[in-house]
Amino acid sequence: MAPTETERQRQGAPAKCAACAGPMDSPLFCDHCRSLYPADGLNHFELFGLAPTYDIDPALLRQKYLQVSRGVHPDYHSTGDSSLSLHLSAQLNEAHRVLADPVLRAEYLLELVGGKSAKEDKSVPPEVLSTALLLREEIQEARTAGDAAALESRGAQARAVYERTLATIAELARQMPGDERSRARLRTALNSIKYHQKLLTEL
Amino acid sequence: MAYGEKIIDHYQNPRNVGSLDRNSPNVGTGIVGAPECGDVMKLQILVDEHDNIVDAKFKTFGCGSAIASSSLATEWIKGRPLDEALELKNTDIVKELALPPVKIHCSVLAEDAVRAAIADLKAKRTGRGASATPEAATTAK
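Here the protein sequences come in this chain order: A and B. Heads up, the first sequence is in the working numbering, so the first residue is 1 and it goes up one at a time. Heads up, the second sequence is in the working numbering, so the first residue is 204 and it goes up one at a time.
One thing to keep in mind: the hints can contain errors.
Covered, in the sense of this in silico footprint (three residues per stretch, anywhere, with C-beta under 8 Å from a C-beta of chain A), are these stretches of chain B [to be verified]:
hint, region
1, 230-236
2, 239-251
What follows is a set of in silico ranges between Cβ atoms, one per label pair, in the way DEER data are often shown [what the hints assert, rightly or not]:
hint, chain 1, residue 1, chain 2, residue 2, range
3, B, 292, A, 174, 41 to 49 Å
4, A, 18, B, 295, 53 to 61 Å
5, B, 215, A, 179, 43 to 51 Å
6, B, 326, A, 179, 26 to 34 Å
7, A, 51, B, 295, 46 to 54 Å
8, B, 292, A, 18, 54 to 62 Å
9, B, 215, A, 113, 40 to 48 Å
Note that these hints are calculated values from the structure, not bench results. All C-beta atoms, glycine included, are put in the ideal place defined by N, C-alpha and C.
Just need the whole structure built from these sequences, with the hints factored in.
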């Protein structure tokens, strides 16, 4: 019964609660009779009723997250299925964590397209590795020498590289599904930014 | 799980930390990384005229297991001929350091670094061999 409802949603059919036949705004719960539905087959965007695009409004995501989380919250469903309620809450938390992060969101869009993930690909331009290595060496030296100015300038450099890579990721993620070439570039950029992120945590 | 004594020893007293002259024709440099954790590892080898590795240095920016793995790798390949160094397997490192499963990728990184350093050295040879002694390039393999 619930999966049928999910299928109807996916087909764009008006959603009705299988229990009370009332209209449903969220595929996960009915506002009228408080029935809960499993999120089977729904992706992170669909959980919040958002279109699967890179550019999402952070305020809207936050608002949807709070709204849907409240709807499935165990307190709100104390008489119903508390294990489903807990399970859904965990799924919503995870979906929100991924979608709220610009890097994880791009990774997830790539995952939705299918094919090789950035992790499987592992490709990184050699110069990204040598730059990361050099910057970390220089940061370590500056720190050992107590050279605050050098540390500051390397830090700025590291942040600039991070921002540049993030801009590339955003540009490519907006093109998803794109072609294999743009997906390969996105995988490379996603792998590269892991090194820049790590570098920033060292500062 | 608790870490073994060997891994802690290599982490606290890493062997062969440092750098060799990248531009020397007898130095091979391998730089590798693991995007999962953002760790970067540089491993360098210096060979003599008989292709024996006479020195090895590393610099690793990463977790204790990555540092210990690269430290152990340099220790093992020092004094060995190039082709023997190529036989170094990450599983040997796992065994010696008793790495937990989540840290196996650190040993893979060290193996990759050794291979990358050897490949870099051979590429340098091939580059020179093309202009000077072409047969030297093929025998260097």
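*Is the distance from the Cβ of residue 215 of chain B to the Cβ of residue 179 of chain A consistent with 43 to 51 Å?*
This hint holds: roughly 50 Å between Cβ atoms.
_residue 18 of chain A and residue 292 of chain B - C-beta distance against the hinted 54 to 62 Å_ = 57 Å, holds
*So the hint says 41 to 49 Å: do the beta-carbon atoms of residue 292 of chain B and residue 174 of chain A match that?*
43 Å, holds
*Do the Cβ positions of residue 215 of chain B and residue 113 of chain A conform to the proposed distance bound of 40 to 48 Å?*
About 45 Å separates the Cβ atoms of residue 215 of chain B and residue 113 of chain A, which means 40 to 48 Å holds.
*Measuring from beta carbon to beta carbon, are residue 326 of chain B and residue 179 of chain A in 26 to 34 Å?*
32 Å, holds
*asked:* Three residues or more, CB to CB closer than 8 Å: is that satisfied between the region 230-236 of chain B and chain A?
replied: holds (count 3)
*residue 18 of chain A and residue 295 of chain B, beta-carbon distance inside 53 to 61 Å?*
Holds, since residue 18 of chain A and residue 295 of chain B (Cβ atoms, about 59 Å apart) stay within the stated range.
*Range hint 46 to 54 Å: satisfied by the CB atoms of residue 51 of chain A and residue 295 of chain B?*
Since the Cβ atoms of residue 51 of chain A and residue 295 of chain B sit about 51 Å apart, the hinted range of 46 to 54 Å holds.
*Test coverage of the region 239-251 of chain B by chain A using CB-CB distances below 8 Å; three residues minimum.*
Per the Cβ count (6), the hint holds.
The structure fails none of the hints (numbered hints given earlier).
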